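Residue strings, one per chain:
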Amino acid sequence: MTEQKHLFTRLAQSHKPDCMLSLAGPEPAIVPRPEELARTLGSDTVARYAEACRPVYEDLRRIIGQISGLAILARVAGHRNLSDLPELKRCEERALATSERLFALAAPPGAESHKRQLEAAFDFSRRAMRTFSSLVPSASAEEKLGEAEVAIKRAYAHLSAATAPRAGLEMVDFSHACCCGVHADPAPKDGKNGGKHV
Amino acid sequence: MSDYSIWVLEYCYVPNYHKSGVLYGAHNEGYVKLPYCYVVIKGRDHVAMVDVGYNDKEYGKTLGDRFGVENWRDPKEVLAEVGLTPEDVDTVFVTHAHFDHFGNVEDFPNATFYIQEREISKWVWAMSLPDRMRWMMIAVDPGDIVRGVDLARDKRLVTVDGAMEDVLPGIDLHAAPDSHTWGSMWVTVRNDGKAQSSDTWVLAGDLVYQFDNLTNDGAVVDVEEMYTPVGLAVGSQANLILATEEMMSQVGYESRRVIPIHEERLNDTFPSRISKEGLRITEICLADGAGSKVS
Chain A
1 MTEQKHLFTR LAQSHKPDCM LSLAGPEPAI VPRPEELART LGSDTVARYA EACRPVYEDL
61 RRIIGQISGL AILARVAGHR NLSDLPELKR CEERALATSE RLFALAAPPG AESHKRQLEA
121 AFDFSRRAMR TFSSLVPSAS AEEKLGEAEV AIKRAYAHLS AATAPRAGLE MVDFSHACCC
181 GVHADPAPKD GKNGGKHV
Chain B
1001 MSDYSIWVLE YCYVPNYHKS GVLYGAHNEG YVKLPYCYVV IKGRDHVAMV DVGYNDKEYG
1061 KTLGDRFGVE NWRDPKEVLA EVGLTPEDVD TVFVTHAHFD HFGNVEDFPN ATFYIQEREI
1121 SKWVWAMSLP DRMRWMMIAV DPGDIVRGVD LARDKRLVTV DGAMEDVLPG IDLHAAPDSH
1181 TWGSMWVTVR NDGKAQSSDT WVLAGDLVYQ FDNLTNDGAV VDVEEMYTPV GLAVGSQANL
1241 ILATEEMMSQ VGYESRRVIP IHEERLNDTF PSRISKEGLR ITEICLADGA GSKVS
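Those protein sequence lines, which keep their order, are chains A and B.
In terms of this note's numbering, the first sequence is residues 1 to 198.
In terms of this note's numbering, the second sequence is residues 1001 to 1295.
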């Protein structure tokens, strides 16, 4: 590949700062739901894993919903000092419980990529929460808030990828969230997306 | 003189919804059809909507399926019935954050959304409560709040604290805190543009589901008619009744001017037609010079 082509590829894959894919980490990629895997493989182990995932989905959905609401209030209602809010503290408590549940989840063969999506959803949620904890009215508050918003979108994209109703049949459309507007490719069968742009 | 045309557009429905969900205390009275609708207000160089429905994918679809929704249609198809596209919509008034009202913001790329600040802040609080209090999160898709983050960043989300006059010319917002939801609101259209209007329409959101909420049989308390709250309230029935009284006073107690969007019998009162998809279009009123979309 020529230098020019390298430069083109790099430019084409650069994201705007408010694009969720501007953040480093595993990319959101649709993975088979463990319920489907369990049916396909007839595996009790995967079925048990699927059952154990349910409260984690719910925890993550709640955490992401809550920090989204906090981001909105910070952005449009001027509530920039979020660190003392009891809602943020409760969110952190839920996150702690979720981390324990996630740690205890043993992904059987075939479900590793699914667990990676859940872990990524959790990690990006935590990143947004940490930003909120340190958010005080200041000159840099706007920038910090922007970073938290991007992390929230990314967390939700990972959760959506892990809970897509019919993996491989129904696309989860990440194009709204990505500045390049490219649709997500379904994950290959090994669950890795090979670093492809989604 | 009428400034705005108003249509109620059905985008899906629940064929059999328990009547006690619609009318507080109507236990063991069977089921009713519950249309899911949004409202289009067109005039004064604006296209506004009251609520945007939900998107039948991801968790929104999960909730729709859970509520037994059928025949969901994309807003492109639904708005085409009145000659509009989602891109035409410049203003959306979100009466509350339930999935069937706030669940499709991404389909309206040019709109600015108005919602009560309390609706957001109290949902954040409710989501922070333990699982055993989960009832208070009923019908909320956290994904809708996530999509609100983008709107807020793009300055397309306006949070309102209480009442707001003339958001568009002659269109006001009114809050009903701790009623159907924490920060529900209704929309009042003064269609002659006057402060003391004699042509007022109230778009009630879910503060009123059906006409029965306005004019229910009052025999139980020895009156001919009485207000009866909707069946679902995270706040109080008293606050629903107080909001109903305020809405009715705005329209001079002419109950047909309070528009309930979950009402199957709107076509008994207003000109309506059924689209080829089997969904109802109801014409509440026409702006001066506007042509009918139902005849």
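It should be emphasised that the hints constitute simulated quantities derived from the structure, not laboratory data.
Errors might be hidden in some of the hints.
To be verified - Mimicking SDA-like on lysine to any residue, the simulated pairs with C-alpha atoms at most 20 Å apart in a straight line are: (1) B:K1276 to B:E1264; (2) B:K1155 to A:E142; (3) A:K89 to B:W1125; (4) B:K1057 to B:P1130; (5) B:K1057 to A:V76; (6) B:K1155 to A:C19; (7) B:K1061 to B:E1106; (8) B:K1155 to A:E143; (9) A:K16 to B:K1155; (10) B:K1057 to B:W1125; (11) B:K1293 to B:P1271; (12) B:K1061 to A:V76; (13) A:K89 to B:D1154; (14) A:K16 to B:R1153; (15) B:K1057 to A:Y57; (16) B:K1155 to A:A77; (17) B:K1155 to A:A141; (18) B:K1033 to B:T1269; (19) B:K1057 to B:R1044; (20) B:K1057 to A:R54; (21) B:K1019 to B:L1232; (22) B:K1155 to A:V76; (23) B:K1057 to A:E58; (24) B:K1061 to A:E35; (25) A:K89 to B:P1130; (26) B:K1293 to B:R1044; (27) B:K1061 to A:R54; (28) B:K1155 to A:R80; (29) A:K144 to A:E58; (30) A:K16 to B:K1061; (31) B:K1155 to A:S140.
Unchecked claim - Label pairs and their computed distance ranges (CB to CB): (32) B:P1015 to A:E142: 44 to 54 Å; (33) B:D1166 to A:F103: 51 to 61 Å; (34) A:F103 to B:V1220: 51 to 61 Å; (35) B:A1219 to A:E142: 41 to 51 Å; (36) A:V136 to B:E1224: 53 to 63 Å; (37) B:E1224 to A:E35: 53 to 63 Å; (38) B:P1015 to A:R54: 27 to 37 Å.
Note that the structure is predicted; figures quoted are calculated from it, not measured.
For every residue, glycine included, the Cβ atom is placed at its ideal position computed from N, Cα and C.
Quick rundown of the hints versus the structure:
| no. | hint | verdict |
| --- | --- | --- |
| 1 | B:K1276 to B:E1264 | 17 Å, holds |
| 2 | B:K1155 to A:E142 | 13 Å, holds |
| 3 | A:K89 to B:W1125 | 11 Å, holds |
| 4 | B:K1057 to B:P1130 | 27 Å, violated |
| 5 | B:K1057 to A:V76 | 28 Å, violated |
| 6 | B:K1155 to A:C19 | 17 Å, holds |
| 7 | B:K1061 to B:E1106 | 15 Å, holds |
| 8 | B:K1155 to A:E143 | 15 Å, holds |
| 9 | A:K16 to B:K1155 | 18 Å, holds |
| 10 | B:K1057 to B:W1125 | 26 Å, violated |
| 11 | B:K1293 to B:P1271 | 10 Å, holds |
| 12 | B:K1061 to A:V76 | 28 Å, violated |
| 13 | A:K89 to B:D1154 | 28 Å, violated |
| 14 | A:K16 to B:R1153 | 14 Å, holds |
| 15 | B:K1057 to A:Y57 | 17 Å, holds |
| 16 | B:K1155 to A:A77 | 12 Å, holds |
| 17 | B:K1155 to A:A141 | 17 Å, holds |
| 18 | B:K1033 to B:T1269 | 17 Å, holds |
| 19 | B:K1057 to B:R1044 | 34 Å, violated |
| 20 | B:K1057 to A:R54 | 19 Å, holds |
| 21 | B:K1019 to B:L1232 | 11 Å, holds |
| 22 | B:K1155 to A:V76 | 8 Å, holds |
| 23 | B:K1057 to A:E58 | 17 Å, holds |
| 24 | B:K1061 to A:E35 | 18 Å, holds |
| 25 | A:K89 to B:P1130 | 13 Å, holds |
| 26 | B:K1293 to B:R1044 | 18 Å, holds |
| 27 | B:K1061 to A:R54 | 17 Å, holds |
| 28 | B:K1155 to A:R80 | 16 Å, holds |
| 29 | A:K144 to A:E58 | 27 Å, violated |
| 30 | A:K16 to B:K1061 | 31 Å, violated |
| 31 | B:K1155 to A:S140 | 19 Å, holds |
| 32 | B:P1015 to A:E142: 44 to 54 Å | 49 Å, holds |
| 33 | B:D1166 to A:F103: 51 to 61 Å | 55 Å, holds |
| 34 | A:F103 to B:V1220: 51 to 61 Å | 56 Å, holds |
| 35 | B:A1219 to A:E142: 41 to 51 Å | 60 Å, violated |
| 36 | A:V136 to B:E1224: 53 to 63 Å | 59 Å, holds |
| 37 | B:E1224 to A:E35: 53 to 63 Å | 55 Å, holds |
| 38 | B:P1015 to A:R54: 27 to 37 Å | 29 Å, holds |
Of the numbered hints listed earlier, those contradicted by the structure are 4, 5, 10, 12, 13, 19, 29, 30 and 35.
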